[in-house]
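Number of protein chains: 4
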Amino acid sequence: MAPTTRLVVPIDLKKKPSEQKLPLHNRWHPDIPSVADVTEGEMFRVEMVDCNGGSIGDNDNALDILTTSLFAAHYLSGPIRVLDKEGMPARPGDLLAVEICNLGPLPGSEWGYTATFDRERGGSFLTDHFPSATKAIWYFEGIYAHSPQIPGVRFAGIPHPGLIGTAPSMELLNIWNQRERELLEEGHKSMALSEVLHQRPFACLPTPEACLLGKIEEGTPEWEKIAKEAARTIPGRENGGNCDIKNLSTGSKIYLPVFVDGANLSMGDMHFSQGDGEVSFCGAIEMDGFLELKCDIIRGGMREYLTPMGPTPLHVNPIFEIGPVEPRFSEWLVFEGISVDESGKQHYLDASVAFKRAVLNAIDYISKFGYSREQVYLLLSACPCEGRIAAIVDAPNACATFAVPTAIFDQDICPKPGKIPMGAQLVRKPDVMKCTYAGNLPITKNPSASA
Amino acid sequence: MAPTTRLVVPIDLKKKPSEQKLPLHNRWHPDIPSVADVTEGEMFRVEMVDCNGGSIGDNDNALDILTTSLFAAHYLSGPIRVLDKEGMPARPGDLLAVEICNLGPLPGSEWGYTATFDRERGGSFLTDHFPSATKAIWYFEGIYAHSPQIPGVRFAGIPHPGLIGTAPSMELLNIWNQRERELLEEGHKSMALSEVLHQRPFACLPTPEACLLGKIEEGTPEWEKIAKEAARTIPGRENGGNCDIKNLSTGSKIYLPVFVDGANLSMGDMHFSQGDGEVSFCGAIEMDGFLELKCDIIRGGMREYLTPMGPTPLHVNPIFEIGPVEPRFSEWLVFEGISVDESGKQHYLDASVAFKRAVLNAIDYISKFGYSREQVYLLLSACPCEGRIAAIVDAPNACATFAVPTAIFDQDICPKPGKIPMGAQLVRKPDVMKCTYAGNLPITKNPSASA
Amino acid sequence: MAPTTRLVVPIDLKKKPSEQKLPLHNRWHPDIPSVADVTEGEMFRVEMVDCNGGSIGDNDNALDILTTSLFAAHYLSGPIRVLDKEGMPARPGDLLAVEICNLGPLPGSEWGYTATFDRERGGSFLTDHFPSATKAIWYFEGIYAHSPQIPGVRFAGIPHPGLIGTAPSMELLNIWNQRERELLEEGHKSMALSEVLHQRPFACLPTPEACLLGKIEEGTPEWEKIAKEAARTIPGRENGGNCDIKNLSTGSKIYLPVFVDGANLSMGDMHFSQGDGEVSFCGAIEMDGFLELKCDIIRGGMREYLTPMGPTPLHVNPIFEIGPVEPRFSEWLVFEGISVDESGKQHYLDASVAFKRAVLNAIDYISKFGYSREQVYLLLSACPCEGRIAAIVDAPNACATFAVPTAIFDQDICPKPGKIPMGAQLVRKPDVMKCTYAGNLPITKNPSASA
Amino acid sequence: MAPTTRLVVPIDLKKKPSEQKLPLHNRWHPDIPSVADVTEGEMFRVEMVDCNGGSIGDNDNALDILTTSLFAAHYLSGPIRVLDKEGMPARPGDLLAVEICNLGPLPGSEWGYTATFDRERGGSFLTDHFPSATKAIWYFEGIYAHSPQIPGVRFAGIPHPGLIGTAPSMELLNIWNQRERELLEEGHKSMALSEVLHQRPFACLPTPEACLLGKIEEGTPEWEKIAKEAARTIPGRENGGNCDIKNLSTGSKIYLPVFVDGANLSMGDMHFSQGDGEVSFCGAIEMDGFLELKCDIIRGGMREYLTPMGPTPLHVNPIFEIGPVEPRFSEWLVFEGISVDESGKQHYLDASVAFKRAVLNAIDYISKFGYSREQVYLLLSACPCEGRIAAIVDAPNACATFAVPTAIFDQDICPKPGKIPMGAQLVRKPDVMKCTYAGNLPITKNPSASA
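Residue numbers (the working numbering), protein chains in the order written: chain A, 2 to 452; chain B, 2 to 452; chain C, 2 to 452; chain D, 2 to 452.
The following block holds chain A by itself, in its conformation from the complex (with noise of 0.2 Å):
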């Protein structure tokens, strides 16, 4: 008999996050309760709200993104306990292999949107370029996205969980709670430093605001103190959490390592597609979505596969292998960027500015064609571009590409001798949905300050 796949985790899209028959999550804590059990080799169906847990319309306006709060991203699935075919737990020091067998959008809501937030709300990696919220809607037709707010692109996406990760032992989250503040701390001493790249928060440290702990109902006192300890789900770290690695998709496999026992598999932030380094912050195409998985445990793995680097055995990273079912593409336009940045400051083999300035050129290329900058920023946030560090060497400059798949394009977009004709550099309308903080939202905290 055709062995079935369960559904572990249901979603209802008609109810908000923290109305669902499983209570979701926003935050990384040993303690946050499992909500559903799954034994090796068993394929399991989970399903999940979008990062931003449904507060974004499929419409014509930028305010939700403005006024969004990046207290309460990302809400997760989870957490899942995943046993052996004996019923014994993962056990810290294993290592976790799951399998992404298939995934997608929840059926019925074939749409998501791609943003930058505001540069007061949360920024994005050019805010000081971009200082405004802007928002794209992409619809999606099978394997193929387009928008309304860019015309003439349409593109087959990479589909992917932006996070998915274990939960973290209470030493490992120490451990991210205090470098993290030390950060923190530190960068007010060099702003200078952060000023290089824009004027984004340091860190997203640990805050009841907003904070959604599963099982443990708000206003308890374990929900107290787990929401002052639990770490914030922005950034990826040891237990994978927010890699937004694009190419993870159907058929990759994921090596994650285990600190608690049962692995506590947490999953989230599905993407219809991304481009490396998902430049416009909510920058992939943001969907409420599905993942059909299957995990083995690996005993001891962590260990034996794993070399910790740090003062801890914790100080580990997850691996991956790629799956085979990726779109082709065979021509690419090709960015280049080196870590001079935009005022001709040399720096030091940085590659995030050498990335930056990559990403730049795309933008102000791509933008002679008929679309707005804003447009072109959203779009190569979302389509499925390569950031690559081609040279970290050379000192000063380290060289970063950005490449571009030409065929997401109605028209050809390479050099040519002869000048660009001016039909192409008409802006196609309509354009991108903007929208600029004003100071007189009803917003009362910076979304990157710490309780």
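I should point out that these hints are in silico values taken from the structure, not numbers from a laboratory. Incorrect hints may have been included.
A pair holds if it fits inside one copy or across any two, identical chains being indistinguishable in the list.
List time: in silico DSSO-like cross-link candidates among lysine-lysine, alpha-carbon distance up to 27 Å [as the list claims (entries may be wrong)]:
{"hint": "1", "residue 1": "Lys226", "residue 2": "Lys86"}
{"hint": "2", "residue 1": "Lys435", "residue 2": "Lys226"}
{"hint": "3", "residue 1": "Lys346", "residue 2": "Lys229"}
{"hint": "4", "residue 1": "Lys216", "residue 2": "Lys226"}
{"hint": "5", "residue 1": "Lys16", "residue 2": "Lys216"}
{"hint": "6", "residue 1": "Lys417", "residue 2": "Lys430"}
{"hint": "7", "residue 1": "Lys254", "residue 2": "Lys420"}
{"hint": "8", "residue 1": "Lys420", "residue 2": "Lys346"}
{"hint": "9", "residue 1": "Lys295", "residue 2": "Lys254"}
{"hint": "10", "residue 1": "Lys254", "residue 2": "Lys226"}
{"hint": "11", "residue 1": "Lys420", "residue 2": "Lys17"}
{"hint": "12", "residue 1": "Lys15", "residue 2": "Lys86"}
{"hint": "13", "residue 1": "Lys86", "residue 2": "Lys295"}
{"hint": "14", "residue 1": "Lys226", "residue 2": "Lys417"}
{"hint": "15", "residue 1": "Lys86", "residue 2": "Lys435"}
{"hint": "16", "residue 1": "Lys216", "residue 2": "Lys435"}
{"hint": "17", "residue 1": "Lys17", "residue 2": "Lys254"}
Fit chains B, C and D to the given chain A structure using the hints.
Just chains B, C and D now, with coordinates in the frame of chain A:
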């Protein structure tokens, strides 16, 4: 009649760089005279010595790597003046489209090497972990390379020129020298920053030491003047130069900005293969080689297609199209790194740190399969690994990935249930050649020092 | 607002084909009434039962394959009438562009089967070597399929509709029936020819037996008339139909000629995967499935783009564009065959014989690695093998190749120095299910016979 | 020290085939003496003249094609005797693994040609549609080819040897001669069959005419004897030979059965590029070229790995592994054909007829975009088209596909709403060169006739 490919720069491997019929150069300067003219549309062939000008031997000793001087790299063929079909030269503001029709090792010289410099003599990306000079020799069997010092691997390379570029104008050259000098001066003030990565020189400023200026005779007043001004070739810059983009292989097209009359195209640093990042610095498979090229001039194209990003119209970068015949790998093992360094310290969205961690994770993992860490370091620097910036927005962690094609190994290196067999863990012999700076070598200067 | 995908033909798997809400059909005829309308540009979903209409069970017995009737295949959903945005139907002479935006198994029915019919009951390409009915069951894990009867293989399929086509006009239908009848009649005269390949029926002519005509009620005079005329669906013809082109997967575009008002598009015979040739006849992984499609009408396009090749303007064939997301295999073991048959007899540039030899060579080779020849036959018919015509000019030998992706096996199957290990040669159990026609089965007619 | 590649068979293009230092041969026979020895594992280089031995000119006239003699093709380099590391030769029953490490045109001869012979002088697959001799010249720009006679196309080829094989034993040679003679005799009885496809010779039997036997001097008794027995090289057979498998490019591995001591490997018929089928017969881009090879002997491998299919253990075929560096095309326009011929007649599962129809459909379609049908015929024969057998079981129609990579054109050739613009329909000049057999040419025999 079949058009013939004209050999415009021949190399005689029995002669030194300074003795070649068309003399080589190893600096960027507008006044280095061109050695040949080519016409738009014509196929022409350029031969080149390896980046170290033949000073590295096909032997079992890394002493030559230890003692080679970074002042001399890279030996370039050219400059070549590009004319249109009417005989008019390319002009500043044009875009030069260079198609790579064919390339490879020089016939009779089917071998190359990969090396790390000693930390006192140039170092590498991981010089804090690998402080000694090391060297591996590669032999070519058509498209494949294998190394006696790294047994059990064989792979098809993606041959490419590590370095190709146009001559800078005097104005651009001055910009380079000024911004790099500022970095060197500021660097000393903020040593903490540089220690994050390693202890390598901040910049490589002009110096007459080992300077080669083509047809301009050493010791003449003209030589003295230019040698003091001419930019070193180590970093890639606005003119292209040492980008080390590993995918610029056969069939690629390079769009270079033109800054001087005739464009004055130079090239060298041929690589049989390289991993993204070229992490071991002398880190590709360095070889003597040839390029067969075809140029087109896009009149005004630099102004039409490129957008300056900086104080002057000169702050632009080349763009590229990738060719159709790269080796095809379908299975990759992917290592992740985040911007937390090996001491456990948190950095802010630093892609260089994240990439460093990903590469270190890969080295540690693969060295479990019968290799010394030095062997793996050279291997991953030389084979066609992909280094990506997965996410650059999830404060505070940049997330980078480093993907290794698994088919290059003669064993299965993916994680499996059960322990890694003891056999896999025995280091294969011979190992890479290693040599450490002892202080008593006949070296008078640090290669990074400026005049 | 996100456009919704409209379900135009639903299937209830608990009901028989004849009981579906929108009745199915298994013949081609212009007078089979359409069951739904779709508009150009609209995304719509069509559900389909498997080619045998649910008569084959997910069980350990090939008796159902032995007794199933070829008269009934294939059960098609539709016909669907296609209108332009003004509501005007596609017309004869137009070209219908059908984009496959998405497809897959029906939710809850994630399994399929591959089979050979008994030589007396339909046979297969190699029926002279494999005369019995055999069956293997496949279970789907997302993109992957594996079979309890063929242990040690697992692969990503290239799902596709085996059959999609437009309704023929009466004139075209008459051409079909006449030419196929002529073949059947001539065939008896030149039996020697057919014996070259095997002893299968020459053609499948119209017959009322097991005939299903959608909304036209069985037994009515209209039904009687049409049933005698309507073409069987076994072969692909000018209208597309049962082409079994394995690469018509997600993202493909099919340009179908239009012969009747509304085009009357029908589809079925969904395959999870198939090798080129579909050699075992019931030889794909047959499944229940869905298609999500989008149609465009190219007015006059049949006349503009297609060139008739035959006595009337109707002798045309569809054309296709392949989609971008097929599984990626980089290593293939390729078997060759030439047009010398198994008895040693030379045939003249006969690609069918050469292909037969290539497939037989592949079966014999792979069966050395622990499989029965029946297992390999079903496997190579079902997995994404590539069958090519390498040379069709080198008299007297056509040369065909059959390429097997080696990554589907859990062992290395390439030739190596030394003997194949004994372990590899032990046939893996369980084997495929086999069942032979005994003569006493309740079968009244040979499935190839015509009325 | 870098191992050197040993040149074992040099070619001097200024000399005729019969004047080469190591004399060429154009027949298969066990008694043709070997001209060189190679050792297992050693890299060696073999140079070859084009299939017609230099008789076809780089000029604007197809007269040389009209008058060239099929008796002389193909001019082969070798035979080469293969020894193991102990100096023992490969023996009958072994398998010879030949790796193609590198290949290409001969330096200084970067051009080739594609042609159809006159129907009276060898014809081609579509000789009934294209009865005249035609010729197109191709010039190589590195990996790319373009033709003055077929403007507007340029593509990267997949270079390969059209012909590579081991010497037959006398027993195998007798089998060949007998079965081909039988075909020729039977052919005359069943002319109807051959007329289906065209009016070409059925087989190419041994003949002393234009026979070249390497070191065996013409006119000697030994020569007379062998010339009468030696097999022509036109068809591929059990020993490999003229398989024309277009994907046997760099990095491929060929496993050839060994029939005589030393294996006696011969090779020739180098192709810069070819479409599956090589439909125009002289249908690849024929060139002078070189191969760099490495051999391994798998002792007893022929018996271990290959399964004879026929009356003797000699009825085996080679197997292959495909290399990793073929050009990458992501977009294909696919034409279909079924086994109904151009007169409307139905054939039974005849893949040759189906393939013919697919190719004819492709020619007719593409000729709408500004090409003569002759131009397209030569183009599709020479560029890397894929010819597949989609379905061989759906009686009575075999279904074949012919896929054309669209990126080779300088225009978009996919179907679009609206008429094909008039501009696209103007035949581009110059056209291919054409020449018709007039009866008064100095030709004494039909090239297909046997002694």
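Hints violated by the structure (numbers, ascending): 1, 2, 8, 10, 11, 12, 14, 15, 16, 17
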